[in-house]
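Position chains B and C against the provided structure of chain A, taking the given hints into account.
Residue numbers (the working numbering), protein chains in the order written: chain A, 1 to 376; chain B, 1 to 376; chain C, 1 to 376.
Do not take every clue at face value.
You can't tell identical chains apart in this list, so a pair holds if it fits in one copy or across any two.
Stated by the list, open to error - Okay, derived cross-link-like pairs now, DSS-like style, lysine-lysine, Cα gap no bigger than 30 Å in a straight line:
#, residue 1, residue 2
1, Lys25, Lys288
2, Lys18, Lys210
3, Lys341, Lys104
4, Lys99, Lys341
5, Lys288, Lys277
6, Lys25, Lys99
7, Lys321, Lys25
8, Lys67, Lys297
9, Lys308, Lys99
10, Lys10, Lys297
11, Lys10, Lys308
12, Lys25, Lys69
13, Lys7, Lys104
14, Lys84, Lys25
15, Lys67, Lys308
16, Lys341, Lys67
17, Lys67, Lys7
18, Lys329, Lys341
19, Lys308, Lys7
20, Lys18, Lys69
21, Lys65, Lys341
It is worth saying that the hints were derived from the structure and are not from the lab.
Source: prediction; values computed, not measured.
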Amino acid sequence: QETKTPKFGKGIFNLVGKDSTWTMKVGARVQFLASSMWEDGASNETSFLIRRSRLKFDGFAFTPKLKYKIELGLSNRDISGTSKYTGNTPRIIMDAVMKYNFAKNLYFWFGQTKLPGNRERVISSANMQMVDRSILNARFNIDRDIGIQLRHNFNISNNFVVREIFSISQGEGRNVTTGNEGGLQYTGRVELLPFGNFTSNGDYFGSDLKREPTPKLAIGVTYNHNNNAVRVRGNQGSYMETDYGLYETNINDVFVDAIFKYRGFSFMGEYADRDAKNPFATNSDGTKTGAIVQVGKGINLQSGYLFKNNWEVSGRYSSVKLDQDITGKVPENQYTLGVSKFIVGHKLKVQTDVSVIDINPANDIIMWRLQFDIHF
Amino acid sequence: QETKTPKFGKGIFNLVGKDSTWTMKVGARVQFLASSMWEDGASNETSFLIRRSRLKFDGFAFTPKLKYKIELGLSNRDISGTSKYTGNTPRIIMDAVMKYNFAKNLYFWFGQTKLPGNRERVISSANMQMVDRSILNARFNIDRDIGIQLRHNFNISNNFVVREIFSISQGEGRNVTTGNEGGLQYTGRVELLPFGNFTSNGDYFGSDLKREPTPKLAIGVTYNHNNNAVRVRGNQGSYMETDYGLYETNINDVFVDAIFKYRGFSFMGEYADRDAKNPFATNSDGTKTGAIVQVGKGINLQSGYLFKNNWEVSGRYSSVKLDQDITGKVPENQYTLGVSKFIVGHKLKVQTDVSVIDINPANDIIMWRLQFDIHF
Amino acid sequence: QETKTPKFGKGIFNLVGKDSTWTMKVGARVQFLASSMWEDGASNETSFLIRRSRLKFDGFAFTPKLKYKIELGLSNRDISGTSKYTGNTPRIIMDAVMKYNFAKNLYFWFGQTKLPGNRERVISSANMQMVDRSILNARFNIDRDIGIQLRHNFNISNNFVVREIFSISQGEGRNVTTGNEGGLQYTGRVELLPFGNFTSNGDYFGSDLKREPTPKLAIGVTYNHNNNAVRVRGNQGSYMETDYGLYETNINDVFVDAIFKYRGFSFMGEYADRDAKNPFATNSDGTKTGAIVQVGKGINLQSGYLFKNNWEVSGRYSSVKLDQDITGKVPENQYTLGVSKFIVGHKLKVQTDVSVIDINPANDIIMWRLQFDIHF
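With the rest of the complex left out, here is chain A (with noise of 0.2 Å):
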């Protein structure tokens, strides 16, 4: 009557196919967001959010060499963003990607997925340390892309991996339905760990839940290339419409960020820069649209330590410092303090954070979050 299924938080099924000519895990989860914001001179305000809700179907196709991740959105967040770029439909599928074991230690990927960005992205949103992301990857973060992309690793020694990520991608963001706009998007990342890979690839999630018993560093660089881009932020952002069409500027973006975790002990910090040649988009006549590639800067720096009792209290810095003459931004700066209970890892848990937002010149705003995480 009953079928036989993981233990809670290891999928709903893990299938295995007949013969073995295939794997698959569903796993679904749910974040349940509450918040508050107070302001000097304005009545504080309280909301609630089905922050996100998605589905995960991953495994491999008739031969272990060929794996396949498809990811689903379902909340309003996850797949709002509908633009005539997108069939002016919903983005709900957020992954849908191949993975080619094609020799020892390559792979080739295609379809679409997060691009090889800044670490902070590519951590799951199921996985995060704080109920959030920062404002640096909200302002800088490449997102995903279709397209596809080569990766390869090796070991320099013993310990030391070494890891190389190439990717081509159209350059527009995920869900595109209108074919390539402007031009293609080169991204190259390396990763470092010289001190061996994490426990669990814990390189990828946030909180040191696996209690490193040797210390653990990764350090990534991300370069990222968008060629002839029509979006303000690159593959994100608006797009920047002129009289003639959409207005084209190559954008390059640099990233490097760092990992380190060591018995409950964890660090990640990340550097982002964003450029571009012409960020000023113009009509044909050479008169501003108004629209501004977003360049600049931002810095992240974030630190937690998980006690015994999976209680977690972590701390974060974030500041963004966009090119004042050219976006007519002023800098912003994220102070926050955040207390997490893991009660089943990252599959069950209870996360709080308050931060102070220092935008210059107007008042401080304090923001409460508190976020429930389920995960099957």
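Below, chains B and C alone, put in the same frame as chain A:
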């Protein structure tokens, strides 16, 4: 090769996680509707619709004290109602709610689900006595919202059951992504079951399919206060936009309802009343925007008798009287005669009804509907 | 721990409900497309797309005589086509249809599914011989609609099979929520299989994957009458809006098609013809709105040979001649050469084709496409 599965109508899967760490029932359902309208002086019009199509997941997670329910809508009628307040994106998530039994008879709910409003609304659309709900429900129900609920129940005597529900929610209905417009919504409900609980929670499904051997009665009273509501029917209806933002006024609803079942006979009655502090939305200069809170009253009375062969004949009288001086809307009455064949209870059924729609002073309209339900 | 499951390509689940009260096969598929266009005087453009992504549920419910099929679209291309007639909401439901075998060879279908139109359209997009369907199909197919179908089949001789289908549907295509605009659509189709049924229903998948040991032929003729149609291609294309509502005119389509398979060789041919009573939509004062019914003719001929190693080479000639005096559209011809590698039949395949697009008097366009299909 084949997975053991429930009987028809009991879910697609009834999963129990390893070590009983979680459970999940997966259900699916579709309603196929054909309808036809006749009006004097107009040609008859026949139409077809996939009325509802849902996926449902519920069970417990980690501990039997922590239950969840997720319901997704898939048909275009289910997910429509897109606005800028929902990210211009369809509203796929119907329910996403956690239910925590933190003390003996006390339950704390958080997330998005139905508010404790009128009984007709809280009865699942899968389990209705007739093809669809009444016009009282259409004009007055308080639907779903996101927030928290506290639920308690106790027995006065051996048999006499009392349930109390208190809810605080955002107040603009389901799937809103723009935060809390206006103020919060507060809903309280008390239910009295003087002759004890119905068989299989029969106070919350239509028709006396369990043929209660002794008379069963439930009476419910709901009081709902939507503080600084911004929509014309509280958390439903169009947004009251003005030249300075959203118009806000307090809206109050009262519902009184009862359901009675005995040996195949069933009766359900409801009364609804809505009033508002200042029903006319105004711009900053005091001129009316045209948006008006839909204040007024409604009554719905319906009854049916289920024959031994699982055919049911039912009748309904519904009357809605919006305050004509304020809303400009004339009274509306509907008289409906229904016939249902429950092949596998509410899981596989054919329902038909014919209604006379009497909207003064227009001609009467005759509406015939035929619906087929299948629920795995 | 692990659920027993089908082989790769045979579904994710093949459920049989307790006491054989129902069955359900759950399938999923994704198509990854890369394409490139070359035109004289324009720069080459390469793009990537998740072309289709579907979930499919089918089986029987309660009795083997009552079958159902539900197919959901997930990719942005699948679900686009939103309009006020579909609730401004994406069209996730592709099929939702019940099939009741109420007498020996008689089947009554109700719900939303493909109409019995041209063969190329009724062949699932999962099972196409080439990367995508032809331009004949793009301009003339009658797609899906909601309504009822009556299906019957009988044998003239031992081998000679005849199938008849008659359909009545709403006439505006799938997922319409605004009721029946214009009149109903009536479709009749007869199929003749003089040498008997194809192996595994091979008349409804592309390429002779079953390598028919004896010649098999199917001929189909469809006549379609869309009474008071309101869209420029009958139940497809843009709505013909006027100053008084929707313009209505009768639209008729004829399709003649054939498919032949023998020892790896396959041929499919189709002819389509659309005419309309008054193709020019007019406002109340008789002025033309600009909307014009797309009347005209088309032909599609395609053929392929499947080698022993499951590589196939195929060719296609398609020609569409809309009535130029009426529609102002010039004739269009396409010549396509395709190569497919069927790794696991249509379940895991790589297909590529190159087309010359010849639209008089413009320059020829060369289009190259590469598609990867995975179907669980």
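Results for each hint:
{"no.": "1", "hint": "Lys25 - Lys288", "result": "neither (50 Å within a copy, 57 Å between copies)"}
{"no.": "2", "hint": "Lys18 - Lys210", "result": "between (34 Å within a copy, 22 Å between copies)"}
{"no.": "3", "hint": "Lys341 - Lys104", "result": "between (40 Å within a copy, 24 Å between copies)"}
{"no.": "4", "hint": "Lys99 - Lys341", "result": "between (34 Å within a copy, 19 Å between copies)"}
{"no.": "5", "hint": "Lys288 - Lys277", "result": "within (15 Å within a copy, 48 Å between copies)"}
{"no.": "6", "hint": "Lys25 - Lys99", "result": "both (16 Å within a copy, 26 Å between copies)"}
{"no.": "7", "hint": "Lys321 - Lys25", "result": "neither (42 Å within a copy, 49 Å between copies)"}
{"no.": "8", "hint": "Lys67 - Lys297", "result": "neither (36 Å within a copy, 45 Å between copies)"}
{"no.": "9", "hint": "Lys308 - Lys99", "result": "between (37 Å within a copy, 28 Å between copies)"}
{"no.": "10", "hint": "Lys10 - Lys297", "result": "neither (39 Å within a copy, 51 Å between copies)"}
{"no.": "11", "hint": "Lys10 - Lys308", "result": "within (22 Å within a copy, 43 Å between copies)"}
{"no.": "12", "hint": "Lys25 - Lys69", "result": "both (10 Å within a copy, 21 Å between copies)"}
{"no.": "13", "hint": "Lys7 - Lys104", "result": "between (33 Å within a copy, 27 Å between copies)"}
{"no.": "14", "hint": "Lys84 - Lys25", "result": "neither (34 Å within a copy, 35 Å between copies)"}
{"no.": "15", "hint": "Lys67 - Lys308", "result": "between (36 Å within a copy, 27 Å between copies)"}
{"no.": "16", "hint": "Lys341 - Lys67", "result": "between (33 Å within a copy, 19 Å between copies)"}
{"no.": "17", "hint": "Lys67 - Lys7", "result": "both (23 Å within a copy, 16 Å between copies)"}
{"no.": "18", "hint": "Lys329 - Lys341", "result": "neither (36 Å within a copy, 54 Å between copies)"}
{"no.": "19", "hint": "Lys308 - Lys7", "result": "within (22 Å within a copy, 45 Å between copies)"}
{"no.": "20", "hint": "Lys18 - Lys69", "result": "both (20 Å within a copy, 24 Å between copies)"}
{"no.": "21", "hint": "Lys65 - Lys341", "result": "between (37 Å within a copy, 18 Å between copies)"}
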